[in-house]
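A.B. asks: Sequence:
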Amino acid sequence: MEIEGKVVVITGASSGIGLAAAKLLLEQGATVVSWSRSRPKISHPDFYFFGCDVRHEQSVLTAYEQTVERLRQNISVLINNAGLGIQGALDTMNPRDWHTMMDTNVNGIFYCTRLVLPQMKKQLEGHIINISSIAGLTGIENMSGYCATKFAVRGISHSLFKEVRPFGIKVTCIYPGSTATHFFDGFEGTGTAPENMMQPEDIASTILHVLQSPPNYHHVDIEVRPLMPKGRPDQKKA
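With my numbering applied, the sequence shown has no gaps in its numbers, which climb one by one up to 244 at the end.
It is possible that some hints are incorrect.
To be verified - The list that follows gives simulated cross-link-like pairs (lysine-lysine, DSSO-like), each with its CA atoms no further than 30 Å apart:
#1 K128 <-> K29
#2 K127 <-> K168
#3 K29 <-> K47
#4 K128 <-> K168
#5 K29 <-> K127
To be verified - Label pairs and their computed distance ranges (CB to CB):
#6 E207 <-> S44: 30 to 36 Å
#7 R171 <-> R76: 28 to 34 Å
#8 N202 <-> K168: 34 to 40 Å
No wet-lab data here; the hints were simulated from the structure.
Source: prediction; values computed, not measured.
Each residue gets a CB set at the ideal place from its N, CA and C atoms; glycine is no exception.
Let the hints inform the model, and build the full structure from the sequences given.
C.D. replies: In structure tokens form, the structure reads like this:
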């Protein structure tokens, strides 16, 4: 896809991967729209912010309507990036935490995607990028709730791409490993030191690569991990 001049909507663009992707796509000439609870620290003539909490259907609908009314242009790309994780064993997890993750990581994708697809089908072009996680490919101790949501993202992505590929719409699911964002704040036993994690800009570069792929070339799944999560052997302390 030629992304210059195209409208790209990013959820959760106030920090981390979403913010890095917004900045990179603006550099490439895209018009970037943030559907986030907090306004990203971006000042650019082609950047728009509409306050949105993806957990709530009406909030998403309002952001969508504001986007369409303000830009008067079709949405070509949706990056479902908003997400969060809460640690806890299944039998001790607070049900509120479980529902917060489900509402954000799963329901949010449904609320956003269902609104942009009809127009994408009419224009026979579009790209949905869902940010899952390595936790969407394997179980992790004390992360059962988070894993459940990210496995769901994988299932949604795989089913959706088969539904919409006849309309020229791509659906890509990205599974990042440890990335230096605020996700791990307060987590115990992450196993990877921040200096050995991937950077949000790394994931943003993958998003750009996927978007710029030839029309008949479809990335369905992309798994990315830090090369040396434990650091270089020659740098370890004796």
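A.B. asks: Mind checking the alpha carbons of K128 and K29 for me, to see if they're no more than 30 Å apart?
C.D. replies: This hinted pair holds, its Cα atoms lying about 28 Å apart.
A.B. asks: May I ask you to test the hint 30 to 36 Å on the CB atoms belonging to E207 and S44?
C.D. replies: violated, 20 Å
A.B. asks: Holds or violated: are the alpha carbons of K29 and K127 at most 30 Å from each other?
C.D. replies: holds, 27 Å
A.B. asks: Run the distance test for K29 versus K47: straight-line Cα separation, threshold 30 Å.
C.D. replies: With Cα atoms ~10 Å apart, K29 and K47 stay inside 30 Å; holds.
A.B. asks: Compare the distance between the alpha carbons of K127 and K168 with 30 Å, and conclude whether the hinted pair is satisfied.
C.D. replies: holds, 13 Å
A.B. asks: Does 28 to 34 Å hold as the CB distance between R171 and R76, or does it fail?
C.D. replies: holds, 30 Å
A.B. asks: Given the hint that K128 pairs with K168, test it: the Cα-Cα distance must not exceed 30 Å.
C.D. replies: holds, 17 Å
A.B. asks: Is 34 to 40 Å a correct range for the gap between the Cβ atoms of N202 and K168?
C.D. replies: holds, 37 Å
The earlier numbered hint that this structure contradicts is number 6, and it is the only one.
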